[in-house]
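Chemist: Okay, here's what each chain looks like letter by letter:
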Amino acid sequence: MEKLHNAIDRLKTNAWLTKTSDAVNRLFTGARERSANRVVHPFWIIVQKEISDHVRSWRFNVLLFLILLTCFGSLYTSITTLVDELSKSKNADDPFFFLKLFTLSDGSLPPFHVFIGFLGPLLGIGLGFDAINSEQNSGTLSRVMAQPVHRDYLINAKFVAALTVIGVLFFALGFLVMGFGMFIIGIPPTAEEFLRIIFFLLLSVLYVAFWLNLAVFLSIRFRQAATSALTAIAIWLFFTVFYQIIVNLVARAMAPSEMASQEQLLGYQQFIVNLMRIVPSQLYTDATTTLLVPSVRSLGPLTMEQAYGAIPSPLPLGQSLLIVWPQLTGLIAATVVCFAMSYVSFMRKEIRSR
Amino acid sequence: MGESIIELKGLTKRYGGFAAVDHLDLTIDKGEIFGLLGPNGAGKSTTILMMLGLTEPTSGVVRVCGVDSTVNPIEVKRRVGYLPDDVGFYENLSGRENLIYTARLNRLSQNEAEARVDRLLERVGLQQATDKKVGKYSRGMRQRLGLADVLVKNPEVIILDEPTLGIDPIGVREFLELIVALSREDRITVLLSSHHLHQVQQVCDRVGIFVAGRLLAEGNVAELSHKLFSDTEPYIIEATLGATGVGNGGTHTEALKDALLGLNHVKSVTFDEGRLRVGGAEDVSADVAQAVVNSGFRLHSLTMKEYGLDDIYTKYFEGGEVYGKIA
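Going down the list, the sequences are from chains A and B. According to this note's numbering, the residues represented by the first sequence are 1 to 354, in order. According to this note's numbering, the residues represented by the second sequence are 1 to 327, in order.
Just so you know, these hints were derived from the structure itself, not from any lab. Please note: incorrect hints may appear among the correct ones.
Claimed, not checked - Think about it this way: if two alpha-carbon atoms lie no more than 30 Å apart in a straight line, the pair counts; the simulated DSBU-like pairs of lysine-lysine are:
| id | chain 1 | residue 1 | chain 2 | residue 2 |
| --- | --- | --- | --- | --- |
| 1 | A | K49 | B | K133 |
| 2 | B | K267 | B | K305 |
| 3 | A | K349 | B | K9 |
| 4 | B | K132 | A | K49 |
| 5 | B | K136 | A | K49 |
| 6 | B | K227 | B | K315 |
| 7 | B | K257 | B | K315 |
Claimed, not checked - Between beta-carbon pairs, the in silico distance windows are:
| id | chain 1 | residue 1 | chain 2 | residue 2 | range |
| --- | --- | --- | --- | --- | --- |
| 8 | A | S345 | B | N40 | 56 to 66 Å |
| 9 | A | T164 | B | T12 | 36 to 46 Å |
| 10 | A | A172 | B | I74 | 29 to 39 Å |
| 11 | B | A115 | A | F180 | 40 to 50 Å |
| 12 | A | T29 | B | V180 | 40 to 50 Å |
| 13 | A | T227 | B | E3 | 41 to 51 Å |
| 14 | A | T164 | B | H23 | 18 to 28 Å |
| 15 | A | R34 | B | I74 | 50 to 60 Å |
| 16 | B | N92 | A | V40 | 14 to 24 Å |
| 17 | B | I74 | A | M254 | 52 to 62 Å |
| 18 | B | N92 | A | G73 | 47 to 57 Å |
Unchecked claim - One-sided excerpt, in silico: chain A residues whose CB lies under 7 Å from chain B:
| id | residue |
| --- | --- |
| 19 | N37 |
| 20 | I45 |
| 21 | A146 |
The structure displayed is predicted, hence computed values, not measured ones. Built from N, CA and C at the ideal position, the CB exists for glycine as well.
Throw the hints in and build the complete structure from the sequences for me.
Modeler: Put into structure tokens, the structure is as follows:
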């Protein structure tokens, strides 16, 4: 003990050490002072406040807890199955072994990407459903609007803040899963796998952004936060559950006879698939599966001629991206449309106090 | 009168066929406290929103501090502080944090914002509650915080929409004193909308009466009463008479009535169980007193009644036919 004290004392008297720590301190206080004297653009002030509101809110933390839980749950199942598979097949030279971390499951829990597809909308809705109407109901909207800021700053800032939070969360989760995976299975991802995962995460953020914008639009449209939340959840449920049933009904009614030609059959298949693709969640699932399972070569029906002679090997990243390009643009378009709708309706809204 | 700071010309706002504000012309001078008085739904708030550029007028021009609010609302909002009725704050932040947010939206650095906010909180008397969450503030404290919030940007004009709603009488008095002090010390122009007559009467230099989207009259209280009652009886004298030694017969009162009606400028006399009410075109109180005493009555009290806003208000709002008499 005595020795330790002496050592610490000696360290304290060490001129070099104190000098460095002083310099570090100066650097930090200097930076703090500079930022305290800097005039920040009001837009970033709103973004800052929104982010801190999100992070401190109970709602976000509950959602975060849910997502963390499912993330570790699916990681656990995928790792246990991965180990089984590895010992079974003895085929360790699968070039996309690491990606299986995100897609494999033993059936008790869905894999990571399905979970994100399921919970992502909930996160988006949770962050956006009371963006505008809660401010209106608490009377803060008219106060903020009486400040010298453009009206669209508020809605843009809310969008940017929520997107930042979602982005940070998803990338943190993705990297966490990767890190744990590397740690447990001991195989690092290849560069291509890494890129595929990055694209997958970007896609997930985009997907959540769509639901976020939809929720923000509803929060402008409806005065009560409960109404807008319920409507958003209703839309989500409709698309995830009921839309499939409706499409199945339509498909059964339109099914061509057994005598139909190949073109007719193909057209029919194409039509049904296109119907399914109106739904953002279908776009997301298509896109993520293609990105995370490189052996997927097409999202529509393939004829024998097309498949004939194809080498059963995984696609390179560029080709996978080409396949999901329509899905990607579709998602971006849906997001932009939702944002434009909320932008226009917010700019036209008359802001009265309460 | 000094230079004008708020000018409204032919301002109109229509919601469908309904005109919330109808060809409003109004000029407010720098440094004065102007009271916008009217019943609920008269279009006061709509007018204020148009001044701040939060709503576009259907037609007409709004100029605040020489800037057109419709074309350049940002510049107007930089100079004008607005306290909405029932002001809201972020409940999970403290009063100080709320004000610092406002200050930073007005392009102040963190250091400047903190210094200014602390000074203002002290000025409105909230220095004890700075770090308390706004959710725990009382109504009066919120309103004072609202006033500090309005002052954060060093405004030239502050617009207060029903600022005294729901505060207790002492709170109201303190709040109004604060407003008057601000206006006098910093030469801030204050526009105050209210339907509380007494408060407006206490603090405002000039008053505008606003009904159904139109400004019916403006001026200080004396001017208003003169304008409004000039064609009838601007001066009312009320007297309490005592029972007399000469008896209380009807003949005596009839004689007094005749004597009073015989006086110059007296328009009407009513007599009701010892209370006498004389309406005149001029101040005739001395003559009335003389006549009463001469008739052998005892004069207990004699008051010259000045019209307050109450009377002006009821006169305007009681019957439809009075609307637009002056406008």
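Chemist: Now tell me if each hint is right for this structure.
Modeler: So, going through the hints one by one against the coordinates:
1. K49/A <-> K133/B: holds (16 Å)
2. K267/B <-> K305/B: holds (15 Å)
3. K349/A <-> K9/B: holds (25 Å)
4. K132/B <-> K49/A: holds (18 Å)
5. K136/B <-> K49/A: holds (21 Å)
6. K227/B <-> K315/B: Judged against 30 Å, a Cα distance of about 12 Å means the pair holds.
7. K257/B <-> K315/B: Holds, at about 27 Å.
8. S345/A <-> N40/B: 56 to 66 Å: violated (28 Å)
9. T164/A <-> T12/B: 36 to 46 Å: holds (44 Å)
10. A172/A <-> I74/B: 29 to 39 Å: Taking Cβ atoms as reference, A172/A and I74/B lie about 38 Å apart, which means the hint holds.
11. A115/B <-> F180/A: 40 to 50 Å: Since A115/B and F180/A have Cβ atoms about 48 Å apart, the given range 40 to 50 Å holds.
12. T29/A <-> V180/B: 40 to 50 Å: About 44 Å separates the Cβ atoms of T29/A and V180/B, which means 40 to 50 Å holds.
13. T227/A <-> E3/B: 41 to 51 Å: holds (49 Å)
14. T164/A <-> H23/B: 18 to 28 Å: Given a distance of about 48 Å, which is not inside 18 to 28 Å, the answer is violated.
15. R34/A <-> I74/B: 50 to 60 Å: Because 27 Å falls outside the window, the suggested range is violated.
16. N92/B <-> V40/A: 14 to 24 Å: holds (22 Å)
17. I74/B <-> M254/A: 52 to 62 Å: holds (57 Å)
18. N92/B <-> G73/A: 47 to 57 Å: violated (32 Å)
19. N37: The hint holds - N37/A has a Cβ within 7 Å of chain B, the shortest such distance being about 5 Å.
20. I45: The hint holds - I45/A has a Cβ within 7 Å of chain B, the shortest such distance being about 5 Å.
21. A146: Cβ of A146/A sits 4 Å from chain B, so the hint holds.
The structure is inconsistent with the numbered hints 8, 14, 15, 18, although it conforms to all the rest.
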